[in-house]
Amino acid sequence: MSTDTMNKPAGEMLKMTGQGAVTAALFQAMQEDPKVLVFGEDVADREGGGVMGTTRGLSDKFGDLRVRSTPIAEQSIMGAAIGAAMAGYKPVAEIMLMNFITVAMDMVVNHAAKLRFMSGGQSQVPLVIRTLTGAGWQTAGQHSDHYEGWFAHTAGIKVVAPCFAADYKGLLLSAIQDPDPVLFIENSRTMFVPGEVPADQGPIPLGKARVVQEGTDVTLVTYSGMTYTCAAAAGELANAGISAEVVDLRTVSPWDKQTVLASVEKTGRAVVVTEAGRYFGPGAEIAATIQEELFGKLKAPVRRLGAPYCAVPFAKVLEDAYLVQPADVVATVNALVGKG
Amino acid sequence: MSTDTMNKPAGEMLKMTGQGAVTAALFQAMQEDPKVLVFGEDVADREGGGVMGTTRGLSDKFGDLRVRSTPIAEQSIMGAAIGAAMAGYKPVAEIMLMNFITVAMDMVVNHAAKLRFMSGGQSQVPLVIRTLTGAGWQTAGQHSDHYEGWFAHTAGIKVVAPCFAADYKGLLLSAIQDPDPVLFIENSRTMFVPGEVPADQGPIPLGKARVVQEGTDVTLVTYSGMTYTCAAAAGELANAGISAEVVDLRTVSPWDKQTVLASVEKTGRAVVVTEAGRYFGPGAEIAATIQEELFGKLKAPVRRLGAPYCAVPFAKVLEDAYLVQPADVVATVNALVGKG
Amino acid sequence: MSQATSNAASPDAETQLDIFRRMLRIERNDDATRRQIRQGRITAPYYSARGQEVIPATISSLLTDDDKICTIYRGIHDMVAKGMPLRPLWAEISGRVDGTCKGKGGPMHLTHPETGVMVTTGIVGSSMPIANGFAWAALLDGSKQVTIAYFGDGASNIGAFHEALNLASVWKLPVIFVCANNGFAEHTRYENGTSVDFISKRAIGYGMPGYTVDGNDPFDMYAHAHAAIERARAGEGPTLLECKTFRFMGHVFGDADGYMTKEEKAAAIEKDPLPAFRAKLIESGVATEEQLAELQQKIEAEVQDAIEFSQSCEYPSTDELRRDVFAEEIAA
Amino acid sequence: MSQATSNAASPDAETQLDIFRRMLRIERNDDATRRQIRQGRITAPYYSARGQEVIPATISSLLTDDDKICTIYRGIHDMVAKGMPLRPLWAEISGRVDGTCKGKGGPMHLTHPETGVMVTTGIVGSSMPIANGFAWAALLDGSKQVTIAYFGDGASNIGAFHEALNLASVWKLPVIFVCANNGFAEHTRYENGTSVDFISKRAIGYGMPGYTVDGNDPFDMYAHAHAAIERARAGEGPTLLECKTFRFMGHVFGDADGYMTKEEKAAAIEKDPLPAFRAKLIESGVATEEQLAELQQKIEAEVQDAIEFSQSCEYPSTDELRRDVFAEEIAA
Ligand SMILES: Cc1ncc(C[n+]2csc(CCOP(=O)(O)OP(=O)(O)O)c2C)c(N)n1
Ligand SMILES: Cc1ncc(C[n+]2csc(CCOP(=O)(O)OP(=O)(O)O)c2C)c(N)n1
Ligand SMILES: [Mg+2]
Ligand SMILES: [Mg+2]
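Chains as they are written, first to last, in numbering that gives the first Met the number 0: chain A, 0 to 339; chain B, 0 to 339; chain C, 0 to 331; chain D, 0 to 331.
It is worth saying that the hints were derived from the structure and are not from the lab.
The structure displayed is predicted, hence computed values, not measured ones.
Cβ atoms here follow ideal geometry from the backbone N, Cα and C, with glycine treated the same way.
Misleading hints may appear alongside valid ones.
[Claimed, not checked] Below, computed lysine-lysine pairings styled on PhoX-like, alpha-carbon distance capped at 25 Å:
1. A:Lys265 <-> B:Lys296
2. C:Lys200 <-> D:Lys143
3. C:Lys200 <-> D:Lys200
4. A:Lys296 <-> B:Lys265
5. A:Lys265 <-> B:Lys34
6. B:Lys34 <-> D:Lys171
7. B:Lys34 <-> D:Lys143
8. A:Lys34 <-> C:Lys200
9. B:Lys14 <-> B:Lys60
10. A:Lys296 <-> B:Lys34
11. B:Lys298 <-> B:Lys265
12. B:Lys315 <-> B:Lys256
13. A:Lys256 <-> B:Lys34
14. B:Lys296 <-> A:Lys298
15. B:Lys296 <-> A:Lys296
16. D:Lys171 <-> B:Lys60
17. D:Lys261 <-> D:Lys297
18. B:Lys265 <-> A:Lys298
19. B:Lys14 <-> A:Lys298
20. B:Lys298 <-> A:Lys298
21. C:Lys279 <-> A:Lys60
22. C:Lys171 <-> A:Lys34
23. C:Lys171 <-> D:Lys171
[Stated by the list, open to error] In silico negatives: residues of chain A with every beta carbon more than 12 Å from chain D:
24. Gly19
25. Phe26
26. Arg45
27. Gly52
28. Gly62
29. Trp136
30. Phe191
31. Asn238
32. Ser242
33. Lys256
34. Lys298
35. Val336
With these hints in hand, go ahead and build the complete structure from the sequences.
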């Protein structure tokens, strides 16, 4: 799966985790642009550079006016990010975990996402919200949710959700340079996995999916942590003689319709796989669009896999059942292609 | 369109608006069950019974311990509702306008919707959130949004969005009796429209759609304010010889799959119409489900109409263009049936 | 808590006249706005600030265009005081493309960066956390710029107030939190929503100076605003000013006022700060009747010109729905 | 602000012993929990409250099962003090179906209504607004029941704190806001996130009594908790208690403590309230060495029994994902 370094300029490859890639991107962005700011709970080195250490070293290097730890007050974190962004800075605000953004939804939705439009273009809000989430660590009902669907449904904010280390770096660099608000989602099952990142990895454009594995029988459309799940499923399917193409959206909104439609037109079948809930979830937009655009060209209905309709459970057995597993993808594909 | 009083026991019909029906339901519920509470900003009679007058007369009749005006603090409103509900009461909390729920999302999503599950069934949270929204009054970007998609995507809370006066009464009565959290959405274009309500109107079950107009060529799946829009479109289509069936979901989550699928299986065509944004919106779930369940039985792709990808604009010309209009529905249907 | 610093600053004659000019411009503009609405020429929710003119007029007399304000739905007086031109303002509330927000924001989201009108929010409390961001930027820039966060008494009970004042104090931000305490939050009387007798006391919980000021008295306002702004410019951090006032026209245009007594309303209008300050200026010889009459004519002409301009403007094209969502226009 | 009412209540011998018993039960349970985690028998985030035992132990000695608590991720000490049985607690943190939440909630969402453990939240600040709801219900019921909202020093900077204290004061709710000020919010030192020297001062902004208490001193805690609870039961409204303490094990199990000095940690552990109170009980003749040793054996046996019980329990069936979402089970 080091396909994540495909078509990158040849050159030295560095082994680093998604977290290492995020840290590297922050260093590079702050180095290149004095307007870039980093702040959030415990992010400064006095506080250990983040509870996960993702921002370690930044305040020592760039000073504690540009890298600031904040009180536990997400509305004030987002408010400060909005004002600073409108004043010409590029704040990268950390909301420690995605569930905590629920106390700052007004700032994100009514303000960050709308101020440019409501001001007729006079206001710009070039901020990035970095937030970590994902099930798998038994942190249960209030620390693991994938709520990207809410923000994809909110006009005026982009949503990025990488899986591979190189994408974590390249997409964060682009998110920081972007003139509009970007929600950058770090998934707890991919963030700490080592991968290869070109030493000279630069920005990777937002809104572009990547085919991480080519195939001809079915297209698996996914992003974030579920990209691993789909890649694993594709491997199993290959052994059973079924050729699955895996498309990693990387950006959830705006999503790469072209790449997805081209792939599904080729394979004639699609399964959309998200960690987010299936019901009224982000996968529905993709499934609904595919059937609209490729009506009559599909060999089977577009299927969706996502979290069941319940909170994230604590017990490991339940958490495993809650998360879509490779076997679920395989079973769904088998049914589609009329096998198994 | 007084079909909304279909199959009701014969008896006196009262003319009242959706607002009148909501007020009547609150009186009836508080009368029948001493555990029912009503609170929110300005809801007591000392404050005029709500800025819209929807709760007028309740505190005079039921006292100001059961009907309380609150400070402007939606987190504390929702928190109080959750605690009181867990303690055995049935709080009906008013969040004046839907955009203001953004400051209380943690209480709604992380707590109200999850406490039963996270406690393994020990906690019950039988509360109702009444909230008003909808474009059409030039209240612009922060006072008109339809965010029901967020809540439909959130496990553990039901979402009700009536259109007709009788449904406002019957569904609110059911929402109050329901043992789980219910978000009750009052649409500002339908709430003040007079309709007929049986004097003895009782609870109308949640999760049941209603066919407000029968047809054979296409199914218009909708709810809330857009039900009027679709009914108007159906009228225009009829003149053009196209027979449209209009299905008013009434409950967005859990939505009435059976009724919708039965209708679309009959007509072979579907257009899902929401006031909520089209992109990653609630219409996507319905469209995705229809194509999954009726694959091969559809004469045309399932289309979706919803708000464009922008904030609600102020200028009347823009607001009119923002809202789906009957003409948009007609044009979409014409294209589907291969006319116009 | 109403005493300002011992060596309280006082506005000189010229400043007094400047404050009055701003007050009158607010009042004449408000009067014209309500007339246009009554005549059905403007269809928009309108939250008159009639009676609250002294607060932003005095504060603005101490600010430059570089200083910034974040205000609320009831904030047109704050903008007019800050110097926002009336033509783009009127074009905006009339929903025209020449409006300052191209007709997309309307009266609740008026914005005019050139004069420091950065954010107008319709969400109670939200002006405060955003104001902190501008103040933080000023620190980073090393400028002496200050940011004013305007809000109401009811807003002092919402979470955003608390988070914003705490952060501003911990970070020593150059921001002034200006609470227009008009005694009501929509239909709710102060004491029925607010647990403390003076909102200024809440400053104690943030290790921040807080004062309760007579928001109808330009001299008391000036002394406290001057001290707070100096403090902010000197890098000593934020201040909370609770400015006591009254809104004569109820919460929103058309409000029936049923929640207040005729007596208290009459009593408040009795103390209308505009005629009172006008009389004082003449008494004290700061201005003559003629000067002020002339000033009024000039202002009325400016307002009239803005109204006529706005009526001559085009409505926005529906393409605007695809513009300003992002920097890059969305494809049709 | 540390003085309680002049006629401060003091715990009698029996109560002192009761408080110590609750403290020891907390400490022994915490010790066993950390052992099980180290041995890999439990896989769950764990926020030890070692060092903070006095606060809930003393408060709980003044409560009945009808009184309610809303607590936080770092709240197992609050539950154990309140009397929650250890078997369902251990089964829950072990993810078993016999857990109090059937293994669905885990350590951060433990719930046990029979002993008044109503809500455990993982969201900073959220215990407070919900506690108000239980207190409001008590008013409606006309009962004398009180509700305790437990939270930390860092939580006093979030909006929910402000909204909850204001509402509780305006509505005179029978709720006590108990802030365990352990000097840190995750890795952030008190003064770097909190703008006031004493959190108890924030009570002034809500017209509410507020006290800073020595959270390691059962006598100071008792006097203040007694006054606050009496006040609530008498219908006089809420109180804010800031209880100074220290967490010996860092923020979460495995925390490296890099953000605090060895000295301050050593100094705090030096003042460990558990051995101190134990010694005091013996000195003052409230209990004998033998009695306390016996008590400890009983408690350790109870903990051991709970651990063994939990290990004998089944894991939940995946059908549980369809149960308790709503009252009615969701169809497969
Ligand atoms: C979060 C939120 N809740 C409720 C409202 C509805 N609302 C608009 S103005 C207002 C009253 C605000 O009172 P105050 O802060 O005193 O300001 P004033 O209107 O008196 O100037 C309310 C409740 C809102 N806009 N935002
Ligand atoms: C709204 C929210 N923001 C951030 C977090 C992450 N977080 C968990 S505990 C904690 C520190 C809380 O400190 P304090 O209130 O002092 O309680 P303590 O942990 O010291 O007992 C933080 C920031 C959270 N759980 N909720
Ligand atoms: Mg007010
Ligand atoms: Mg702490």
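>> Hint compliance check: list the failing hint numbers for this structure, sorted ascending.
In response: Result: hints 2, 5, 8, 10, 12, 13, 17, 19, 21, 23, 26, 27, 29 break, sorted rising.
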